[in-house]
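Participant: Read off the chains here:
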Amino acid sequence: MKPLLRKLLQGLLLILGVTLISFLLMVWFGPDQTYTLIGKNASAEQIEQIHQQLGYDQPFFKRYLDYLASLATLDLGTSNASGEQVKKILMRTVPVSLALMIPGFILGNLLGIALGLSAASHHGQWRDRLISGLSVGGMSISFLVVIIAFQVLLSTPYGLDLFPVRGWQVSGFGSYLQYVTVPTLALVFVTLGYNTRFYRAVFIEESGKDHIRTARAYGASHTEILWKHVLKNSMVPIVTRVMFSIPLVVISGSLLIESYFGIPGIGLATFEAITSGDQPVLKAVVGLTAVAFVAIQVLSEMLYRLLDPRVS
Amino acid sequence: MGGRTDILGKLKSDRAGLAGFLIVTFFFLIALGVWLGWLGQGWSDASGGRWESPGSAHWFGTNILGQDIFQRAVYSVRTAFEIGLVVAVFSTLLGAVLGALAGWYSGSWVDATVMWMKGVLDSIPFYLFVAALAFALHGQPWAMHLAMIATFWTTTGRLVRAEVMKIKSMDYVRSARSIGLHDSLILARHVLPNTSHILLVQATIAFVAAIKTEVILSFLGLGVQDGVSWGLMLAESTQEVLAGHFANFIAASGLLFLLLIGFNLLADALQDALDPRQAAL
Amino acid sequence: MPARVADKLLYLLAAGILLLQLAACSEAPEGSESNTSGSVYRHSMDGAPRSLDPAQASSIYANMLVVNLYDTLYRYKYLARPYQLAPNLAEALPQVSSDGLIYTIRIRPGVYFVDDPAFPGSKGRVVTAEDFVYSLKRHFDPATRAQGAWLWQNRIVGLDQWKEDGSDYDREVPGLRALDEHTVQIQLISPFPQLTHTLAQGFSAIVPREAVQHYGREFPIHPVGSGPYQLEGFNSSSAVLLRNTKFRQQPFSLEEEGYDPETQSYAGLEHLEGKPPPFTDRVEVEFVAEDAARWNAFISGETDFIKVPVTQFDQVLSARDPPVLTAEMAEQFQLAANLESGFVHTDFNMDDRRIGYHPNPDQDARNKALRCAIIKAFDWQKRNEVFYYGIGKVFPGIIPPVSIEYDPAQNSGFNDRDLAGAKKLLRDSGWHAGNLPELEYGFPSSVTERQMFEQLRSFLADIDYPAEKIRPLTFATYGDYARAYLNREVMLTTIGWTMDYPDAENTMQLFYGPNSSPGSNSANYNNPEFNRLYRASATMPPSPMRTSMYRSMNRILLEDCVTISGIARTLILLWNRDLAMLPDRSFVGGFFFRFVDTGTGAAGSSKNEASRQ
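Residue numbers (the working numbering), protein chains in the order written: chain A, 42 to 353; chain B, 304 to 584; chain C, 541 to 1153.
Because the hints were derived from the structure by calculation, they are not lab data. None of these values were measured; they are calculated from a predicted model. Worth double-checking, as some hints may not be accurate.
[As the list claims (entries may be wrong)] With a straight-line Cα cutoff of 20 Å, these simulated SDA-like cross-link-like pairs (lysine to any residue) come out:
(1) C:K703 with A:S84
(2) C:K815 with C:A1120
(3) A:K81 with C:A1078
[Claimed, not checked] Not the full set, but computed from the structure, chain C residues with beta-carbon under 10 Å of chain B:
(4) V926
(5) Q995
(6) A1001
(7) L1013
Beta carbons: idealized from backbone N, C-alpha and C, even for Gly.
Make a model of the complete structure from these sequences and hints.
Facilitator: In structure tokens form, the structure reads like this:
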């Protein structure tokens, strides 16, 4: 129990640290939203009034503590820009981001595992070299380039024109497929190179271990070795990697896709909040993201420990 | 660890790595040329007509302002190297120092603090961190570099820390300690140099990450503010591509791809040569 | 063990099911089930509104939606050009007393708000004059965070005092009263000829007090109005409007709307005579700021209307003056080429001693010479060519071509490039590469803005202004940029001004001394003669006397070399041929939605259906 308690304590300290830094940067030093809420010809007095209403005049620690309190009680307030309750904004946008990123994430990892396995089992041969070469190539293409190119090739009359250009008018599985395909393809394309290389390395390392050689000596077939031994024993690093990359890919990666494809998810909402300085939304997202990141890290480590009793 | 000649030998025989090295050197020479004022100086001159096709006067044609795309692409090499080098060097250094301290004093509050900082920085979504930093620094040109340095050091830090913890228990270190040499001297003279294989590889990886990040940041308007970079060219190209003008897009993405693949191949070769046991990431 | 692999498969299956659940849940608020029982008009905008509260409708995007969800007392005639006011909720144009101070307006009886839980029994009630009074008062209540107060500040008797006294809605404002259920009376402090125009703005739209109280902070996303449409869904990428079945039936009259068969018959509107608007059951508005994506969506048939991005003009037009569509485009689309009501100009910050006013009269004169030289070096033709496809209208000063006061003959050569003249000015005032000040040109970070900056730099290179002395001052967002120039921190500010009403007073006030930052006089210009003329003309309705005063003011402004001004853009609007409409992005703006006819009535246009699959 003790190590678990320590982990939780560390997690708490992390959350405090993240909220402090994020608060410092995004809220304390962030843009003054007053100027997006005034019209033409605002008087100095009107500006001052809104400035005060938004709470900019209060001292740092009071604002920070208020923030922590609102996080703890989940009393997140309403957006300064549209008046919508932050809770509702989150409930509206988070499922969209998840529905957007999860297929690409899963597919990218599954394909990466498959390709990595294929390359590792033919280590040194042309198949391995081809896959490795393509992986390096994949790692060298900018996400931005991929997004632009895919949109032109798949969604416009200059290319195949099969999918909508942007948006997220999802009302059922059919329309869901329509809107999620291009972003998913872009995401898979970009992450495949990294994933393949990683899994290939893991499988190669695993294949070189004694118990594999033993199995081979005992006459196990190639497929049997692959599936029953290599893959199974690599589950630990695979799961660890998947879990550690969730925050990176799903939360951070959604920003670009959402802003380019106009998908009303949490990444876009956060970015808009940052650039306009909409504090309630910002604080909620940053705080909850921090908690999510930390929770995932803690979970991953616990999972790691569970799956691999050799780790001390 | 093998001797120097072993490593060089490995590098030389790795054809992909050699190709990578050549590509990187080629680009570096271009960057040098721009920096010294011999190449790409006409990047901001609006000397041509609007959207001219590639021709003898403008090898890749011109953009909407009549600026020479080829010159702009070449000048961007310098921008890329500036950003890449600054971020790679400083983030690796920072990671080395902090990682070494954490590893050396592992288990103590120093270690705990460094790991805490690492956890905190890893937990903030990157692009949001950069955007916030850009605002906090009121659009200073260094905001982007600082943000990248502040977040890229963590991987290096983690690896150096692990390595230092291993080195700590080695004989030559033990004997240096028993003589009574000061900690910082031991770290500087004996420990850190023996992490150089990690640092070199991480630096190349950081370079790649820095350039890729700059592209996206410039596209979002948070990156390069004055001058030109591939990110800015790509941002320009999103408007032009649908009017049927692809020169900007092809020039920027092509050169970007070449440099990145060069660095990636080089990074791979270095990793294979210097520390084949390190799991590829 | 195979069990492990089986575990993994189960995990995948679970993930798959979760995914399907999410897909089913993550419906956009506007369920786009194909609407076989109604007609749809799909509009696209190059920006998004943040709030649909009329008091916050400061952007053109918000305004366009607000005037469809709510009623204003007045609007502009759909087809009359130049633009003319028409009664909307009001029965007729206001009765104005002889001294111009008292406006009496009768509003139509029998107009209802939409049904909404904010009302008792969820049934919308009759709109009364008191509602209008309440709506205008809101602008003077700090809790509203209203943005339109400046229109009526220091104009209406007792309104400013009402605010100072604590904005108590149960207290009467002497100058803003409901004489009875259907009569409004406004009493002005001094004549305000543009008052009726302000009552056609989204800001003046009529909201029910019950809804504001019921929804509180969330009112901006829960509109409850009496307009031709009501809101079905709204988020950061789109809004869906449904026909308001309780909307008053007023038959469409071509003549009343100012129809000109000679220039407007191509829009195919004649069959609409006598029908009551709104003509379409459903309006879907897409907010797409990125030009490329907006164009893609239009050309793929996902939207019916677009303000064409400048980069596409080449592909769309076969001739420029007058603009004509290519044959291929003309098969599917119709075109309207409208000069914008507004203009783009770059101001010098006169408060900045490096370039503006200086206490030392010699330096002041040298600064003026520098400004005039920069203006002379500006190549408007090239600016027009590169960024506006050459079809923008360049004019000197601040009387844009849409105004009746515009005189093409006045100072006509002012904006012609004069390099020799510029260089001479610099030489004569002792300016040279060594002592020229560093110019800081502020702009919000975007591709086009950056390109404009680089173009300016190349213009000034031609008068030997060192490139290193022309620096970009970038801001991550427009809000940040606004903060900076409203606090006088920016040396050169480029602003696109959209007129609030078709009266040149709206542009003259841009350089009126007391309107300096944080007001709209971003140049912080302060010329006593200009100010005097402004005050004298402020209470005058349009007249030859006022026109000559405005022209004098323009001349004074030009002589002082305060601003590099200006260009009025020509907007190219394209829409689906199957639709009978004449869109407008200016004063008619959102008011045109109710007159859009999709041509095939109940079944929905065939083109719409096909492209949605």
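Participant: Checked against the structure, which of the hints given earlier come out wrong?
Facilitator: Of the numbered hints given earlier, the structure breaks none, since each of them holds.
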